[in-house]
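As a plain string of letters, each chain reads:
Number of protein chains: 2
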Amino acid sequence: MKIVIDAMGGDNAPEEIIKGAIMAVNEFGVDIILVGDEVKIKSEVEKYQIKDKNKVTIVHASEIITNDESPTMAIRRKKHSSMVVGLKMLKEGYADAFISAGSTGALLAGGLFIVGRIDGIDRPCLAPIIPGEKGNFMLLDAGANAECKPRNILQFAIMGDVYSKKVLGKQNPKVGLVNIGVEEEKGTEFVKQSYALLKQSELNFIGNIEPRDIPKGECDIVLADGFVGNVILKLYEGVAQTIFDVLKREIYSSFLNKLGGFLLKPVFKKFKTDFDYTEYGGAILLGVKNVLIKAHGSSNAKAIKNAVKQAVNCINGNVVEIISQEIKNMNILE
Amino acid sequence: MKIVIDAMGGDNAPEEIIKGAIMAVNEFGVDIILVGDEVKIKSEVEKYQIKDKNKVTIVHASEIITNDESPTMAIRRKKHSSMVVGLKMLKEGYADAFISAGSTGALLAGGLFIVGRIDGIDRPCLAPIIPGEKGNFMLLDAGANAECKPRNILQFAIMGDVYSKKVLGKQNPKVGLVNIGVEEEKGTEFVKQSYALLKQSELNFIGNIEPRDIPKGECDIVLADGFVGNVILKLYEGVAQTIFDVLKREIYSSFLNKLGGFLLKPVFKKFKTDFDYTEYGGAILLGVKNVLIKAHGSSNAKAIKNAVKQAVNCINGNVVEIISQEIKNMNILE
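From first to last, the protein sequence lines are chains A and B.
For the first sequence, the residue numbers in this note's numbering are 763 to 1096.
For the second sequence, the residue numbers in this note's numbering are 763 to 1096.
Among the hints, erroneous ones may be present.
Which copy is meant is left open, because identical chains are indistinguishable; a pair holds if it fits in one copy or across any two.
[Said to hold, decoys possible] Taking lysine-lysine and the BS3-like style, the derived pairs with C-alpha atoms no more than 30 angstroms apart in a straight line are: (1) K1010 - K936; (2) K1090 - K1010; (3) K948 - K840; (4) K932 - K961; (5) K961 - K927; (6) K948 - K853; (7) K813 - K954; (8) K996 - K815; (9) K1034 - K817; (10) K1034 - K996; (11) K1031 - K1090; (12) K1051 - K948; (13) K954 - K809; (14) K802 - K815; (15) K911 - K802; (16) K850 - K1020; (17) K1032 - K896; (18) K817 - K1027.
If you're looking for bench data, these hints aren't it; they were derived computationally from the structure.
Between the sequences and the hints, there should be enough to build the whole structure, so can you do that?
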């Protein structure tokens, strides 16, 4: 099993990316291909003990795609970027999965133009795993398609169902549709039509889910168009971050507060672990012909290591193949 | 100044509603008209000391509109409901503002069909005040219109601007448009067209705001269509609630944690006060011909008291009249 990693993408590249990649090699025994500036990668790799050096390959790529450039243009023009080189290796069968903490837009464009969609899938979607109170859940689409059709939502749900079963080991994942009320007749035309399609499907569709209930984690697959999904993803992070920033500032404001904060350290730590996105790897791009994982832009080594684990689980679970089959069955039924 | 209050609406009606109304009479010296079941209201009112009993009037209404019925049907058919009776008194000039913690949908329908829109306003919007890290902000539309046009967004912004200046006392409120990226070209067609309209306006438009940054409270007026706005409102509440539930559970899990929790009590308390929605009254329905306030469904007495204060400020600030004038000017300019 070979996994290509974009060594140059993300806020902490290449240091943390390479560190995480090597942790994965040592822990999971996978083969890793690091793509990017050869000199920089080599000097980082040499810092670590590697159990089996044969498992690490470096492939040179002279360019980097940044977050500031047009994703589609960048994918088309920067043929020597770590992202394009890595995706081409995947496409051509030199690897089984690709991971990048770089530009989300570029990864989406590369997924479409270089790797290609699964037959029958109209739109791939971005699906991060998000920690909730009673368990993690998948959010689809978290931002690949700002505008969607009801048919896309149904396909997202089918893909999320396969992933939840095969990678997250959930038996009969609950599927919920984000809406501004639980009643069937609530929301926009788009949401109502999506509801009708989901209701007819064989999925374990539990109906509408109100945004207030999303953090409870009672629903395994949370569906929304890419605009709403992205709002949910970012607001979730923002509210949690703000609460902890404010608490932290207050805790440091007096001696007694500091003492209280010290005593509660295990609580905050447990909380941080339970709600730590780095535990879950990255967001998978579902609907393309290979395993593509978008790690968080601020990924540290642990997040990258867990993204590799996620990729391994996707490959072992035959996620792409099963999705292809499910979509074929769905289209035959239509 | 006379304010009608729906004594029967909300999870804690009529007890907390009436308690809050009387607190408002005693503190602010306003005249209050309590609408609902006369017998129940009387027996509640008698529990309290009222400085000037002349300031409390009870108007009987035999029906109640619940959250489970169709709002439009309920408003049309339940002529004797506390909501319809109250709104009619407002419409006919017997009062200056109306407050209800009951069905949001019914209040919106009643606002449209009984009170009526301000000339030139296509769609009224629901605008709660939400606490953020650096200050509170207004969210429009928080759920009145699941589907909007760019023109509606511009009108919401103008109404929010008037309210922020006249009621919240903000000099030059910053207006931000919720989008999945800060760049002008991001998002759906609807968001891009709304951006263009806002950019041409005389508002202090600061561009797109990413959901991650909303809780920081750096933007005074946060604009979105009613679907996205409602998602933001409910997720904001849900994430904060979940974090505090989890922290609370952990704090009670061991003696040292409890001690730490005890020492941090002032921190949690300050946090609760800073982020307490009951401090801000309710969500105003902007764009109708009178002051209409939707208090939170779970409002306690304090929330109702503050909603009365908010109504007083709206009346004193001539919010409805100034909005009418601004919209007239806008339409003349077109």
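Each hint tested on the structure:
1. For the identical chains of this complex, K1010 and K936 are inter-copy neighbours only, at 27 angstroms across copies versus 36 angstroms inside a copy, given an alpha-carbon limit of 30 angstroms.
2. In this assembly of identical chains, K1090 and K1010 lie within 30 angstroms of each other by CA distance neither inside one copy nor across copies; the values are 52 angstroms within and 48 angstroms between.
3. For the identical chains of this complex, K948 and K840 are inter-copy neighbours only, at 22 angstroms across copies versus 45 angstroms inside a copy, given an alpha-carbon limit of 30 angstroms.
4. Proximity of K932 to K961 under the C-alpha cut-off of 30 angstroms is restricted to the intra-copy arrangement: shortest distance 20 angstroms within a copy versus 48 angstroms between copies.
5. For a Cα distance limit of 30 angstroms, the shortest separation of K961 from K927 inside one copy, 20 angstroms, qualifies, whereas the shortest one across copies, 47 angstroms, does not.
6. Proximity of K948 and K853 under a CA criterion of 30 angstroms is satisfied inter-copy only: 29 angstroms between copies versus 43 angstroms inside one chain copy.
7. For the homomeric pair K813 and K954, neither the shortest alpha-carbon distance inside one copy (54 angstroms) nor that between copies (52 angstroms) is at most 30 angstroms.
8. Taking the shortest alpha-carbon separations for K996 and K815, neither the intra-copy value of 39 angstroms nor the inter-copy value of 51 angstroms comes in at or below 30 angstroms.
9. Proximity of K1034 to K817 under the C-alpha cut-off of 30 angstroms is found in neither arrangement, the shortest distances being 33 angstroms within a copy and 53 angstroms between copies.
10. When the C-alpha separation of K1034 and K996 is checked against a cutoff of 30 angstroms, the pair qualifies both within a copy, at 17 angstroms, and between copies, at 23 angstroms.
11. For the homomeric pair K1031 and K1090, neither the shortest alpha-carbon distance inside one copy (45 angstroms) nor that between copies (56 angstroms) is at most 30 angstroms.
12. In this assembly of identical chains, K1051 and K948 lie within 30 angstroms of each other by CA distance solely across copies; the values are 27 angstroms between and 35 angstroms within a copy.
13. In this homomeric assembly, K954 and K809 never come within 30 angstroms of each other (Cα to Cα): the closest approach is 55 angstroms inside a single copy and 47 angstroms across copies.
14. For a Cα distance limit of 30 angstroms, the shortest separation of K802 from K815 inside one copy, 17 angstroms, qualifies, whereas the shortest one across copies, 81 angstroms, does not.
15. For the identical chains of this complex, K911 and K802 are neighbours neither inside a copy (44 angstroms) nor across copies (50 angstroms), given an alpha-carbon limit of 30 angstroms.
16. For the identical chains of this complex, K850 and K1020 are neighbours neither inside a copy (52 angstroms) nor across copies (55 angstroms), given an alpha-carbon limit of 30 angstroms.
17. Taking the shortest alpha-carbon separations for K1032 and K896, both the intra-copy value of 14 angstroms and the inter-copy value of 28 angstroms come in at or below 30 angstroms.
18. In this homomeric assembly, K817 and K1027 never come within 30 angstroms of each other (Cα to Cα): the closest approach is 39 angstroms inside a single copy and 53 angstroms across copies.
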